[in-house]
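Protein chains in written order, with our numbering: chain A, 1 to 270; chain B, 1 to 309; chain C, 1 to 239.
Treat the hints with care, since some could be wrong.
[Claimed, not checked] As a list, the in silico SDA-like pairs of lysine to any residue whose alpha-carbon atoms are at most 25 Å apart:
#1 C/LYS196 / C/GLN234
#2 C/LYS23 / B/ASN128
#3 C/LYS203 / C/ASN105
#4 C/LYS114 / B/LEU223
#5 B/LYS218 / C/TYR19
#6 C/LYS67 / B/GLY129
#7 C/LYS124 / C/ALA38
#8 B/LYS218 / C/LYS178
#9 C/LYS67 / B/LEU222
#10 C/LYS67 / B/MET203
[To be verified] Label pairs and their calculated CB-CB ranges:
#11 B/PHE6 / A/LEU193: 42 to 48 Å
#12 B/PHE157 / A/ARG182: 56 to 62 Å
#13 B/ARG3 / C/PHE208: 48 to 54 Å
#14 C/ASN138 / A/GLU163: 34 to 40 Å
#15 A/GLY16 / C/LYS122: 57 to 63 Å
It is worth saying that the hints were derived from the structure and are not from the lab. Cβ coordinates follow ideal geometry from the N, Cα and C atoms, glycine included.
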Amino acid sequence: MKENLQTNLRLFFGIGFLISIILIGLFAPWISPHDPLAINLSSRLSPPSWNYPFGTDHLGRCILTRIIYGIRITVSASFFIMIFTGVISLPIGLLTGYVRGRTDHIFMRMIDGTLAFPDIVLIIAIVGLLGPGFFNMVVAIIMVRWADYVRLIRSLVIKITKEDYIVSARMSGNSHIQIMKRYILPQILSPILVFGALDMGRIVLLIAGLSFLGLGTQPPIPEWGVMLHDATSYFQIAPHVMIFPGLAIMFFVLSCQLLSDRYRKLEESI
Amino acid sequence: MIRFCFERIFQLLLVMFSVSTFTFILLRLSPGDPASIILSMNDVPVTEKALTDLRIELGLTESLWTQYIQWLMDVFTGQWGISYVSKEPVVDELLRRLPATLELAIAGLLVMVSITFILGIGTAIYSNGYFDRIGQFMALLGSAIPSFWLAFILIYFFSVQFGWFPSMGRGNWQNLVLPSITLGLGMGTIYARLLRANMLELMNQTFVKAAKARGISKSRILLFQVLKHAFLPIVTMLGTSFAFMLGGSIIIESIFSWPGLGRYIIEAISLRDYPVIQGYVIFASFLFVSIHILVDMIYVILDPRLRAG
Amino acid sequence: MITYKAPLLNVENLEISYYEASKCSPVIYDVSFQLYPAEMVALTGPSGCGKSLTSQAIVGLLETNFKVTNGHIVYKGEDILHYDNKAWQQLRREEIALLIQHSLNGLNPICTVKKQMIETIKQKKEWLKKDIELYLHNLLSQVGFTDPKHILSSYPFELSGGMRQRVLLAMMLSLRPKILIADEPTTALDVINRDKVLSLLKKIQHEFELTILLISHDHKSVNRFADRVVQMCQGVVVT
Chain A
1 MKENLQTNLR LFFGIGFLIS IILIGLFAPW ISPHDPLAIN LSSRLSPPSW NYPFGTDHLG
61 RCILTRIIYG IRITVSASFF IMIFTGVISL PIGLLTGYVR GRTDHIFMRM IDGTLAFPDI
121 VLIIAIVGLL GPGFFNMVVA IIMVRWADYV RLIRSLVIKI TKEDYIVSAR MSGNSHIQIM
181 KRYILPQILS PILVFGALDM GRIVLLIAGL SFLGLGTQPP IPEWGVMLHD ATSYFQIAPH
241 VMIFPGLAIM FFVLSCQLLS DRYRKLEESI
Chain B
1 MIRFCFERIF QLLLVMFSVS TFTFILLRLS PGDPASIILS MNDVPVTEKA LTDLRIELGL
61 TESLWTQYIQ WLMDVFTGQW GISYVSKEPV VDELLRRLPA TLELAIAGLL VMVSITFILG
121 IGTAIYSNGY FDRIGQFMAL LGSAIPSFWL AFILIYFFSV QFGWFPSMGR GNWQNLVLPS
181 ITLGLGMGTI YARLLRANML ELMNQTFVKA AKARGISKSR ILLFQVLKHA FLPIVTMLGT
241 SFAFMLGGSI IIESIFSWPG LGRYIIEAIS LRDYPVIQGY VIFASFLFVS IHILVDMIYV
301 ILDPRLRAG
Chain C
1 MITYKAPLLN VENLEISYYE ASKCSPVIYD VSFQLYPAEM VALTGPSGCG KSLTSQAIVG
61 LLETNFKVTN GHIVYKGEDI LHYDNKAWQQ LRREEIALLI QHSLNGLNPI CTVKKQMIET
121 IKQKKEWLKK DIELYLHNLL SQVGFTDPKH ILSSYPFELS GGMRQRVLLA MMLSLRPKIL
181 IADEPTTALD VINRDKVLSL LKKIQHEFEL TILLISHDHK SVNRFADRVV QMCQGVVVT
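In isolation and in its complexed conformation, chain A is listed as follows (with noise of 0.2 Å):
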């Protein structure tokens, strides 16, 4: 009971310090302390100070700044990759787990095949084909992180379907459709909200590493990936300018990772 009520304030604490993120990003015209863009070139790379908490670029743009409108980029950008996946995988994962059959085989074999690969390399190989770019970065992650939502809809749909209830529900006239909707995707959301919200933070990291490389978001845009980009040959100098955009990722990921275990964990304690 006491571990309980512990784990529901954690929880509480993850989805406050998402939701906050989510704020700043969203207010970041009137939180930031300077223009995202703006070129000083007389400031450039300077420390941290009172004028620039987190110091400046090796434009003499303000890294604050940049960090919180990189909140815009990534998280909507995460974020729109999550809810596209969940919509294109849900119907093929409630499909192929429901049914089974040809289909349900067709499909786990294109499923196994994309899952051999790190999904990086996967990823980078489409973009190369496609070109870099944020739009073909957004289209490549979703075309291969699809493969792991429809494995888990589908293995919790098969799961349930075993269930006696199931049968029962069947023996007394529901039709599939209605049997979908009242039994099969209240019990799956749940477990769905928690891989997806295990999978932001690994999104997040994937959008950072393709921008880094230079084949996702471009410069000047502030995204947290092309900071580090830009600080690849000035930070040995001024560390500082690797320094706060890493830990802004780090600090989201290990917020998403949270939120998923603590909600987890709530789960399985009711």
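Mind docking chains B and C on chain A? Use the hints.
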């Protein structure tokens, strides 16, 4: 065993076929026109005549279907085209860079495995103690730290500040230290958690109780009886993680200027060297599927129960 | 059968409690019985009355949530409840062997029988290679195997349940214990094999001059073999 091998080889061919088809489709979808890229790279003025001549030479005027069949034949006969940039066969370019990447991936795997063992066994023996907490914290960080950022931190401290290890290029073992740690650290801490959980779960098994009843000590049971069991599922993941090492090495190689496949593909992408990108994709798929087959074999060798069945 | 010798093992007023969070509730209240040298005593009672717990307490292998809260276990005149881990290990190696419940699964499935047997006997002393072979062959034929060589090179999953149990028994005997505690050795077996195992235990008792504590919920079949029966019910000894 023979049937097993045949099945796997068939699987390998199937994946290669799908990947070739996939790259063919994607390349037709991409906006770049190979002919104009080649011309501009060779500093030839881009005229209509030059373009059509080159297109005919490259077979781009044929029907899509003929191009596809030609492409498949080329893939399976090992003729993966010629790099736009270096004018050398793609296969040679890739093979030349393979050893560097394998070296880095194996070093990363070694770092990972040693961290997994030390941290995993340690936290299993002292479960719920201080050491265990540290392990848990490290695993949390290990999955959240971006590898390229970790690389920056390592370079900043061990190369810039203390000057212990070089931060660029490939040479003797000192060059290998920082990239392999960057590659292996995160995964190692995560696998250590898995190993710990596996071992603790196995400690409840009947055969462990029987061994205790024979007066065999706890550490002996953990090391000689439980570890092999707990490591079996990890072996499968070892294959996945070797593949992950090869994938992760793309970023790491770019940071540490490591002359391997990863840095090469990034360069090729920025120069739009399409034959190299295609070749890399096919080469990588061959590599990854082979690794999975190899891991399956190792698994069969390690677990006598599978050998009999 | 009345013996006037001193008891080999004396369990006096044993109380075992279950700990959960900060609560502690006794599950075994007052168990007392004696084992005299070279006899076979059956400890019977319905399932869940604490027979297994008692046997685990005697060799110091209680699960982490259980603790002895009262009473004594005296072996050869020494109260073994004060032992530390090392002394317990020594006791299990030299003196009291426990053939655990579910002994059919008592072998590590991915190591050969030979490897596990050698690991067991090497704890006591260093052996010469040819002595080991001979010793293990003898042991396995004493528990009724006709082809010990084949058994030694097998993996446990290649043997039947009854065979695995006998291998484990041979392993316990290899340590030359004074007392053998067999926890429900018959439950997972069919009727024919039950009598076989019990006769085997009887035979071994004579050959090795063992004292055997036989734990079983099935008092009918046990009564025919045991010299004496101790009955337990809900955490106390009733006879």
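**Prompt:** Hints broken by the structure, by number, lowest first?
**Reply:** Those not satisfied are hints 1, 14.
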